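Asker: Residue-level listing of the chains:
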Amino acid sequence: MPSSCSIRALWILNNLDAVVFSRKFPVVEKQWRAACKIINDTSNDEEEDTLKYSVYPFLPNDTELSSAFVERKKREGSLRGYGIRVNQSVKGSDSWVDDPITRHVISINVESKEERGENHLLWPLILHLRGSYVILVLPLVEPVHLKGYSKLCRKSDCGNAVGVDASLSSILLDVPSITGAFLVAHAIGDIIVGDVVEPEVVVNAAPSVGGLLDSLTGSIGIAGISSRAKPVAAPVASATPSGTASIGTVTADTPKLGSRPLDKDTLRNFISSAMPFGTPLDLNHSNISAIKANGFSSSDLPPADLKQPAWKPYLFKGKQRILFTIHETIHAAMYDREEISDTISVSGQINCRAELEGLPDVSLPLTGLNKAHVEVLSFHPCAQVPEHGADKQAVMFSPPLGNFVLVRYQANCGHGPPIKGFYQLSMVSEDEGAFLFKLHLMEGYKAPLTMEFCTVTMPFPRRRVVSFDGTPSVGAVLNTEYSIEWKIIASGRSLSGKSVEATFPGTVRFAPWQIQRLPSSNSGFGKMGDEDSDVEIDSTNNMANVEEFLMEKMSKDLPPVDLEEPFCWQAYSYAKVSFRIAGASLSGMSIDPKSVSIYPAVKAPVEFSSQVTSGDYILWNTLGKCPSAAMAQEFHTSILEKYKHHFSLGRFCLKIGVKNEGILVEELFNGQLLTFCNFEKGGLSDSEGGDWYLPPKSIAGAKALFQALYIW
Amino acid sequence: MNPPDKPSQPPPLKPLSPQDWESLLDDFQQGDPLHHKWTAPHRLQSLLDHAFTSLLKKDFPSKLALLLFLEEFSETFFTHETHLNRLLESLRSVIQSPLDGLAITYNLKEQFMVSTTSIFITVNALEKFHARFVEGLVELLVLVINRPNHSMDRQTRAIACECLRELEKCWPCLLSNMAGHLWSLCQNERTHACQSYLLLFTNVVFNIVNTKLNVSILNTSVPLVPFSVPQWVLLGGEGSKEVVVGLNYKELRRAMAFLLESLQVLTPSGMMEFLGMVMPVALALELQASMLKVQFFGMIYSFDPLLCHVVLMMYFQFLDAFDGQEGEIVTRLMLISKETQHYLVFRLLALHWLLGLLSKLMFSGEVGKYKSIFELGLRFYPAVFDSLALKSLKLDLLAFYSICLDMLKLESYSGEEVGIGKSAAKLFEDGLVSVSAFKWLPPWSTETAVAFRAFHKFLIGASSHSDSDPSTTRTLMDSTIFHTLQGMLVDLTLQFQRLVPVIVSYIDRLLGCQKHCWLGERLLQTVDEFLLPKVKIDYKLSSYLPIFDRIAEDKTIPPGGLLDLLLKFMVFLVEKHGPDTGLKSWSLGSKVLGICRTMLMHHHSSRLFLGLSHLLAFTCLYFPDLEVRDNARIYLRMLICIPGLKLRDILNLGEQLLGISPSSHSSSFFNVHSPRQHYQHFKKSRNISSYIHIERIIPLLVKQSWSLSLLPLGDGSAKAGYLESIRDREPQVDLRDLDGSENLEIAPETERIYQPQEPLRVMDSKISEILEILRRHFSFIPDFRHMPGLKVRISCHLRFESEPFNHIWGDNSPTSQLDGEDALPAIYATVLKFSSPAPYGSIPSYRIPFLLGEPPRNGDISSQTVSLDIVPVENGAREEESFRAPVTIDLEPQEPTPGLVDVSIEANAENGRIIHGQLQSITVGIEDMFLKAIVPSDIAEDAIPAYYSQLFNALWEACGAPSNIGRETFQLKGHKGVAAISGTRSVKLLEVPAGSLIRATEQYLAPFVVSVIGEPLVNMVKDGGIIRDIIWKDSTADSLLGSSTSVTPGLERGPLHLTYGEDEDESGSSINFSKRNMGCFLVLIFLPPRFHLLFQIEVSDLSTLVRIRTDYWPCLAYVDDYLEALFLA
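Sequences listed follow chains X and L, in order. Sequential numbering of the first sequence, starting at 1, is according to the UniProt record's numbering. Sequential numbering of the second sequence, starting at 1, is according to the UniProt record's numbering.
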C-alpha cells in the first residue's frame, strides 16, 4: 500500500462533548481492516501478543466515541491534556508519553459493547479545537505505528530519552497521514466556524480587495449570484491589526464560546469533493465552494495548450492587474537591562492577488532580502523553487486565483525598534504602584514610514485598578477595570517623518489583594506538593521589600498556563505596545513593481503596499521579573568579554571572535545576528557577500573595534 | 431475499418523511440501541426500498445524507445481489438523467458515484458477487470520464476518476487493460480535473509495476466498453503469477516521464498521493533518483507542511541521491519551527521530524559525516515568545545535540575540537533560561514541568530503556552533564524550598524506572551528601521533609547523617516550643516521626539503632506534644523489641490497612501514622494452649498434684489464724503409694489454735539471746498487708509452634514468601495474665512485645537454617532462645503453699488479629517458696555466714518446742503486725548414699545451707566450691554432736520441754548413726511471707537423717515429697 494521507473517520463534537457530526470512510476502513488482519495473523510473537488487541479493526459509534473522549478528558485533566508527564499522569495515557504533541495527537480508549467490554486504543486522533467545537480526525496509519504508540504510552519507565529509535518522533516522521489529517482538521475547522479568511491584500485606494468569489463573479459576470457560499468571509476591516491569517497560531487553537450552529450540508459538500473516499484531494475550501456554488459553464474553456492546475479550477477573465501587500508583525521583548539584550523580530508575508488571464508565470524579484537579513523564507506551493533554494533573489510563481500568501519570512528589524524606551513599575505599598514610561517613537524613521496609531497597555489581570494618577507628555490615558491604556497616537493622527519622545509618570491604585482560588478545572498540572502551611512564611514580617513580598504573595496562586503559551503572562508586569506602521516594511523587504515580470508578457499594472503591525511588543517592567531566553553564541566567550565594553553602545553591540583564518566579527543587534564579516589580515572582506551594515550611531564604536582588531 | 414471515411482522413501513430519515440516520450514527429496531431483515429490506425511492424522488431534500448513510452502513444493507443490482440501476438512472438543477445535480451524481463505489468496495462486490456488477459500475464510470475537456461536468469527471481509482486500489490491476486509454485521456484532459486523471493513471501504473504485470500501457486496441474484469484480477494472487513475464520497462519509463512533467497541476494533497505511488515505481523501474530530486526537492521550501513531509519521505526513500542535502533539510526543518505564521502544531511536528531525522542519522553510524549538521543545532535555542510546547521540544533537541556532541567527541580521534567548546552542561543552562521562571513560580506551573522535563532528558541522555548494556550507565555516571545536573539539583533544593516536592516527584519518577532507578538513588545520595550539611535548622527545614523521607527510604544511604539532622531539628523544635507553636510542633514532630517510621521500614534496625534510638528517646522524653511523645515511645519500643523484618511488615501492614499503597509517596508521607493500630478481628481462640506453651524453666522436682489450702482467718491482727481445712485431692494415699520406706511424722498441732493472747514471757539469757536474734530477724520481714511483700519469682518461658499457629491464624500474610526465620509467624504485644486460687496475692501480668514461632520440628528446619547460614550445632541453644520469650511470674505468697497459676494470653497475630485464650496453668511447687532469709542491712558482708548460723540456731530453738520461746511475738517490719512462732518438728530418713545426697544438696539447696559441720563432710563439700560463704565447722563427730547437743540439750533443758516418743526414737537413731556420721548440713529456708523451714541433714554413708523444723507446719506435707524427690529420684 503506498503511503497516503487517508482518513478513516472524523467527528465533530460540541462543547457538551456530544457528537454533532461524524463521517466514516468505509473504503479506508477496509484498508485498515486488511492491514490489521495481516498483522494479527503474522504476529505470533509472545511478547507481541499482549498488544495484539490494540490493533483492532473497529471504529466506535458516536456514543462510544463521545464517552471515550470524555473519559480521556477526565484522565488528562483538560480537553487537550497535560501534554507533559506530570504527577497525575497514568500509565497508558497520553501524558505518560511526555510529549507536548500529545495535546494535538491524542489517543482514546474505546470501550466496545460488542467486544466484551474490551478497550481499544484509538490513535492517532487529531484534536483540533475551533470555535466551540472539537474536531477529531482519525488518519489511517499502519498497525505497526499504532503498536509503537501503544508501547510508548504503556512503558513503565521514566520517560523516553531523546533520539531513541522507537520514539514518538520517528513515528511522526514515518506517518505523513498525521500531517495530512491536521490539514484536514484545520480546513474543516475553518468551515464550521465560517471564517475562511483569505489573506488580506491592501490596495492603496480601497482598503482591501475581496476574495476569490469576488474575482470570480466579477470576471465570469454572473451578476445574479445572490447566495454566496457562506464560508467566504467579508474582507477584514482595515482597522483590525494584523491579518488574521498571518498570526493564526495561538489564538486559533483556543476554543471560544458562542458560535453558529453547524452547517452540516456545507460540510458534507466539502468532504464529498475534497476527500470523497477519505483521501484528501484538495483542501482549498474557496475553490471547492466556488465549484459547488457555480459549477462550470460551457464558456469555461480549458486553456489551449496547458493543463489547468487542480488548484486553479477557474481562470481569470477581465482587467488584469497584480497586487502585492507586505504584512509584517513585529514581536519584541524590550528589557532595558544590561544583562539581557532586547530581542526584536519580524514575521512577515507577501500577500498577492494576481488578476491575470490564462496561466501566466510571474517573476518577482525580492529586493532587500539581504538587507532584511531574512532568516526563514518559505513559499506558496505554486512557487517554483529551484533545487537549491538558498539564495533566492527572485521567485517565480504561477499564481492561483484570489488572494494568497506568496512568501512568508522571518527577519530582523532593519530599522531598529519603532518604539524603544523603558517601563518601570514599582510598588510603593501593597496596593499602590508608581510607574514611569519613557519612550521614543519612530526614532530614525523617515517618511514614508507612518505610524498610524500607537497604544500602550498596562494589563493587571489579577488586580483591579481603582484609580490612577498622572499625565503623559503625549496622548491620552484611560483605565479599564484591569488595565491602563495610554493612547500615544490616536488613530487618525498618524505620525510620520519625525520621532516623538513620550513620557508618562504616574501612580496606580489597586483594590486590596484578594487570594484567588485556582479554578479547579484549570489546574492543568495539579498540585505537586501539599498545601502545607508549615512551609513557612514567617519571613514575611521582616521582608524588607514590599515588592518581593507582593511578588511572593501573588505568584503563590498562579494557575499553570497552557503549553501553548510562551510563559505565564500573569506572573510578570509589563506593558504591551500596539501600533501600526504603514509606508514600508520594517525588515527592509520590499517589492519593486517595475521589476515584476509576467510570462507570457502582458501589460498589467502592479501595485504594492505594505503595513506593519505589532504582535507581542512587550516592554518588560525594568524593576520586575521578566522572561528571557539565551542567545546562541558561537564564539569564544573569553574574547568577547574582552571587547564587549567597548562596543556596547545603546542596543548595539559587536562581538568578535577568532576563527581559523581570520577574525570574525559578529554584529549583534538587539541580540540578533546581523552579519558576519571576515577580516583577513590587512583588510576587510565581506565573507557572505552581504552588505556591511552599521547603523550610523554606532560607527564610532565600529571604528574603535577595527582599530582594536588591527592592534590585536 | 429471505421471504419475510409476513404474518408476524408489523405492517410495512410507511413512507418516511425527511424528518423521519433524519432521526433514523441519527439513531444509526449514535449507535443507539434504538437502531436495532431497524435491523430486522424485513425492516432492512423495506428501509432500503424506501431509501432508493427517496433518492430518485424529485423533491427529497437530504439525498446526500441518505447516500452517505447507505455508504456507511453498506454491510448491513447490501447483502444480496438484488440490492447491488438495484443500486447500480439507480446510479445508472441518476447519471444518465439530464440535469434539472433541482433533483438531479452534479452534486448528486458525484455523491451517487462515490457512494456506489464505496459500497461496492466495502461489501467486496468482486469476491462475493458476480463480476458483472463491478463491470457494470466500471463501465458507467468509464463512460463518464471518457469525455475529456468537456466543460460542464469536469468536476464530475474528476470524481468519476477518483471512483475508478478507488476500485483500482481495491482490486489492483482491475483497470490495467485500459491503461492505454487512460493515458491518452490523461494527456488530453486540460481542465482542473486533470489531477484526478493523472492520479488514476498513476495508480494503474503503480499497480502494474507492483504486481509485475506484463501489459502494454500503450495499447488502446481493446475498447473501453464493454469492460470485463481481467483474468488475473479474478484469479487473485495465484493466477496473476502465470501472467507475469516481466515489466515492460520502456513503456513504463515513458509513462513516468510523462507523469513527472505534469507535476505543477497537483494540489499538495494530490502531490502526496502522487508521490506515494511514484516513488515505489521509480525504485522498481530503477529510475535515477536525482530526477525525482530535481522535481520535488524544491517543495521543502513550501510552507505547506504536507509538501515538506513528502520531501522527507522521499529523502528516506532515496538516501543516496540526497547525500549532502541533509544540512539543507535540517536547516529547513529548524526554520519551519521558527515560522510564527504556522499553526503551532506544525511547528511542533517540524521539530519532531527533525528529531526523528537526526536520530536516524545518528544511528546510521556515520556520525562524523554529519558533524556540520549537528553543529547547526547549537544555534537552535528556544526563543522568548516560543510557546512552552515549542520550548520543551527545542530543549529536547538541545539534549539530543548534547548527546551528539558526546558521540562526536568520542569519534574525533584527531583531537579536533568539536562544538566550539560547547558542553552539554552549557547547552542545558542556556536552554533552561527560557523557562527559568520555574524557580519562583509555584511548583505546579507549566514552566516547572517543562524545566524538569528537560532536566530529565539531559540527565538520562542517550541511555534508552531498551538496552541492557550497563556500560551506558557507567558513562552516564561519569559524564559531566550528570555531575552538573546533580550539583544543580542540590542548589535548587537549597535555594528554592518550594521546588522540593517537584524534585521529590522527579526522583520518584526515576526511582520508579527499572533502568534508571540508580540515577534516582544517586541523586538522593548527592542530596544526602551535600544538602544535609548545608541546611539551616529552622522552621523552614520542614519543607525538606519530603526529600528526607525519600532519603530515609533509600537503603544505599547510611541513615546516620539524616538522623543527626533530624535530631537537631527535634532539639530545635523542643527549644522553640512556645504557646504559638503548639500546632506546628505537633505537625513537624509527627512528620519527623513519619520519617523515622520510613527508616524503620526500609533499613536494618541495626544500622539505625543508635541514631534512631537517640532521636526517639529524646523525643519521648522532651518533646512538648503528648501525641508525638507517645508515638515516639511506641516506635522506640518497636525498634528495641521487634526484629527488623517483622517490624517492617507491621509498618507496611499499617499502611495497607489505611488504604494507602506504600508507593504513593507524596500522599503517604504526610499521613503520619500512629503506630498503634487496633483491628477488631476477633477470632475464636480455642485450644490455643495446644500450640502456645508456657513452661517453667526449672521444672519442679515434685510434680505436685495436690495442694493444701488453708484459708486465712486473719482479721488484721498480728497473727495469722489458720482454719483447718485441708483440701486434698489425692490425699495421703498418694504418699503411701509413693514410698513405703518413709517414716514421716506429721505433727499436725491441730489442736493448737492460736488466739491473740498475752504472750507468756519466760526468759533466760539463752532464750533472750534467741529472742533478740529473732526479733531482729522478724523486724526485717515485711508485713505484706501493709507493704509490698516478699516476692517469689518463677521463671518460665513462652513459646509457640509455627505450624499449628499458621494453620489457625495465618493468612496470606506478606511473610509467606520469605525464607527461613522470616517465614515464621510471630505474635506481638503479648500480655500474659495470671490468676491463682492459691493465696499468691495479685500477680502482675507480663508483657512480651514480640515472639517468633518455633520452626516446625521436621526436616525443613535444617534446610531453613542452612539457608540462613546458621550453623545449627553451635547456635542451637541460642537459636532456641530466640523462639522462647522469658516470662517471670511474681508471686507474693501470703502462705508458702504450692498451687496452680492460671495463665491467660492476649496477643496480636501479624495480620492484626487478636489472640485471646487460656494457656496451661503453671504449677507452683513448695521449692518455689524457698527464699534465703533476709539479712539485715547493717550486717557486714563477711558477717553474713555467722548471722545465718546464729539465725538458724535461734530458729531451730524457737521451732523446737512451742514452749521454748513461749508465746513470744515478734514485730514485723513496719511495726504494725506481729508474728509468733509455733514450731513443728519432723524427721525423715533417706536411704541414699552420701555422695548423691551431697550432690543433690549442692544442686538444689546450696543457697540455703548456712553451715556444714563435721570434717568428713566439710572436706567433701568445701572443695566443690558450690557451697560457699558459710560457717564451716571442722569439728569431729563429737564436736559435731557437741555442737548439736549444745543446741539441742539446751532446748531440751528448757522448761517447756516435751518429749515425744518419736523424738526418742529419733535421738536413738541419731546416736546409732552417729558412728557413721560424716557431718551435717544446716539448712535455713525462708518461706514467705514470714515462715521458716529448717533442715538439719545428718549425712551418713548410706542413709541420711533429715531433721525438719518449721514454724509453718502445713509445709511439712510438701517437704516430705520434696525431699524424696530431691534425694531419692
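Read the hints as simulated data drawn from the structure, not as lab findings. As the structure is a computational prediction, the values presented were derived from the model and not from experiment. Quick reminder that beta carbons are idealized off the backbone N, C-alpha and C, glycines included. Among the hints, a few may not be true.
[Stated by the list, open to error] Keeping only pairs whose Cα atoms sit at most 25 Å apart, straight-line, the calculated SDA-like set for lysine to any residue is:
| id | chain 1 | residue 1 | chain 2 | residue 2 |
| --- | --- | --- | --- | --- |
| 1 | L | 534 | L | 361 |
| 2 | L | 515 | X | 88 |
| 3 | X | 30 | L | 30 |
| 4 | L | 540 | L | 514 |
| 5 | X | 37 | X | 121 |
| 6 | L | 439 | X | 552 |
| 7 | X | 264 | L | 439 |
| 8 | L | 426 | L | 512 |
| 9 | X | 553 | L | 539 |
| 10 | X | 292 | L | 150 |
| 11 | L | 338 | X | 565 |
| 12 | X | 317 | X | 360 |
| 13 | X | 487 | X | 424 |
| 14 | X | 264 | L | 94 |
| 15 | X | 73 | X | 88 |
| 16 | L | 1033 | L | 949 |
| 17 | X | 264 | L | 58 |
| 18 | L | 833 | L | 900 |
| 19 | L | 57 | X | 295 |
| 20 | X | 556 | L | 900 |
| 21 | L | 409 | L | 480 |
| 22 | L | 515 | X | 164 |
| 23 | X | 556 | L | 791 |
| 24 | X | 155 | L | 505 |
| 25 | X | 264 | L | 505 |
| 26 | X | 576 | X | 467 |
| 27 | L | 439 | X | 630 |
| 28 | X | 553 | X | 623 |
| 29 | X | 553 | L | 494 |
| 30 | L | 58 | X | 268 |
| 31 | L | 439 | L | 486 |
| 32 | L | 57 | X | 294 |
[Claimed, not checked] Stretches of chain L that chain X covers, calculated by requiring three or more beta carbons in the stretch to come under 8 Å of a beta carbon on chain X:
| id | segment |
| --- | --- |
| 33 | 113 to 121 |
| 34 | 1022 to 1029 |
[Claimed, not checked] To give an idea of the interface, some chain L residues facing chain X are shown, with a C-beta separation under 8 Å as derived from the structure:
| id | residue |
| --- | --- |
| 35 | 46 |
| 36 | 50 |
| 37 | 94 |
| 38 | 98 |
| 39 | 191 |
| 40 | 264 |
Asker: Each hint: holds or not?
Answerer: Taking the hints in turn, this is what the structure says about them:
With a C-alpha separation of about 45 Å, the suggested pairing of residue 534 of chain L with residue 361 of chain L is violated against the 25 Å cut-off. For the hint linking residue 515 of chain L to residue 88 of chain X, the alpha-carbon distance of about 22 Å falls within 25 Å, and the restraint holds. Note on residue 30 of chain X and residue 30 of chain L: the hinted pairing holds, with a Cα-Cα distance of about 21 Å set against a maximum of 25 Å. Pair hint residue 540 of chain L plus residue 514 of chain L does not hold up; C-alpha atoms about 33 Å apart against a cutoff of 25 Å.
Between residue 37 of chain X and residue 121 of chain X the alpha-carbon distance is near 16 Å, which keeps this suggested pair within the 25 Å criterion. For a cut-off of 25 Å, the pair hint linking residue 439 of chain L to residue 552 of chain X stands: about 12 Å separates their Cα positions. For the hint linking residue 264 of chain X to residue 439 of chain L, the alpha-carbon distance of about 49 Å lies beyond 25 Å, and the restraint is violated. For a cut-off of 25 Å, the pair hint linking residue 426 of chain L to residue 512 of chain L is broken: about 28 Å separates their Cα positions.
Taking the CA atoms of residue 553 of chain X and residue 539 of chain L, the gap is about 19 Å. The hint holds against a cut of 25 Å. At most 25 Å may separate the alpha-carbon atoms for a hinted pair to count; residue 292 of chain X and residue 150 of chain L meet this at roughly 17 Å. Annotation: proposed proximity of residue 338 of chain L to residue 565 of chain X holds, straight-line Cα distance about 15 Å (limit 25 Å). Restraint check: the Cα-Cα separation between residue 317 of chain X and residue 360 of chain X comes to about 13 Å, which is no more than 25 Å; the hinted pair holds.
For the hint linking residue 487 of chain X to residue 424 of chain X, the alpha-carbon distance of about 18 Å falls within 25 Å, and the restraint holds. A threshold of 25 Å between alpha carbons decides the hint, and for residue 264 of chain X with residue 94 of chain L the separation of about 23 Å falls inside it, so the pair holds. The hinted pair formed by residue 73 of chain X and residue 88 of chain X meets the criterion: a straight-line CA distance of about 13 Å does not exceed 25 Å. For the given pair, residue 1033 of chain L sits about 11 Å from residue 949 of chain L by alpha-carbon distance, which is consistent with the 25 Å threshold.
With a C-alpha separation of about 21 Å, the suggested pairing of residue 264 of chain X with residue 58 of chain L holds against the 25 Å cut-off. A threshold of 25 Å between alpha carbons decides the hint, and for residue 833 of chain L with residue 900 of chain L the separation of about 13 Å falls inside it, so the pair holds. For a cut-off of 25 Å, the pair hint linking residue 57 of chain L to residue 295 of chain X stands: about 23 Å separates their Cα positions. Restraint check for residue 556 of chain X and residue 900 of chain L: not satisfied, since their Cα atoms lie roughly 72 Å apart, outside the 25 Å limit.
Under the criterion of a C-alpha separation no larger than 25 Å, the hint pairing residue 409 of chain L with residue 480 of chain L is consistent with the structure, at around 13 Å. Proximity of residue 515 of chain L to residue 164 of chain X is assessed by CA-CA distance (about 15 Å); at most 25 Å being required, the pair is judged to hold. About 68 Å separates the Cα atoms of residue 556 of chain X and residue 791 of chain L, which puts this hinted pair outside 25 Å; it is violated. In summary, the hint linking residue 155 of chain X to residue 505 of chain L is supported, as the alpha carbons are separated by about 18 Å, within the 25 Å threshold.
Taking the CA atoms of residue 264 of chain X and residue 505 of chain L, the gap is near 48 Å; set against the 25 Å cutoff, the hint is violated. A hinted pair counts as satisfied when its Cα atoms are at most 25 Å apart, and residue 576 of chain X with residue 467 of chain X qualifies at roughly 20 Å. Annotation: proposed proximity of residue 439 of chain L to residue 630 of chain X holds, straight-line Cα distance about 16 Å (limit 25 Å). Distance restraint check for residue 553 of chain X and residue 623 of chain X: the Cα-Cα separation of roughly 17 Å lies within the 25 Å cut-off, and the hinted pair is therefore satisfied.
The hinted pair formed by residue 553 of chain X and residue 494 of chain L meets the criterion: a straight-line CA distance of about 21 Å does not exceed 25 Å. For the hint pairing residue 58 of chain L with residue 268 of chain X, the CA-to-CA distance comes to about 20 Å; that is within 25 Å, so the pair holds. Distance check on the hinted pair: residue 439 of chain L and residue 486 of chain L sit about 16 Å apart at the alpha-carbon level, within 25 Å; holds. Only pairs whose Cα atoms come within 25 Å are accepted, and residue 57 of chain L paired with residue 294 of chain X is accepted, the gap being roughly 24 Å.
Using a Cβ-Cβ cut-off of 8 Å, 5 residues of the segment 113 to 121 of chain L lie near chain X, which meets the minimum of three, so the contact claim holds. Taking a C-beta to C-beta cut-off of 8 Å, the segment 1022 to 1029 of chain L contributes 0 residues in contact with chain X, too few for the three needed, and the coverage statement is violated. Restraint check, residue 46 of chain L versus chain X: the minimum CB separation of about 23 Å is more than 8 Å; hint violated. Contact between residue 50 of chain L and chain X, as hinted, is not supported at the beta carbon level, the nearest pair being about 20 Å apart and thus beyond 8 Å.
The interface hint given for residue 94 of chain L is broken, as the beta carbon of that residue sits about 14 Å from the closest beta carbon of chain X, more than 8 Å. With its C-beta approaching chain X no nearer than about 14 Å, residue 98 of chain L sits outside the 8 Å limit, and its interface hint is violated. Hint on residue 191 of chain L holds. Least Cβ distance to chain X is approximately 5 Å, under the 8 Å limit. At its closest, the beta carbon of residue 264 of chain L sits 6 Å from a beta carbon of chain X; the interface hint therefore holds under the 8 Å criterion.
Checked against the numbered hints above, the structure breaks hints 1, 4, 7, 8, 20, 23, 25, 34, 35, 36, 37, 38 and satisfies the rest.
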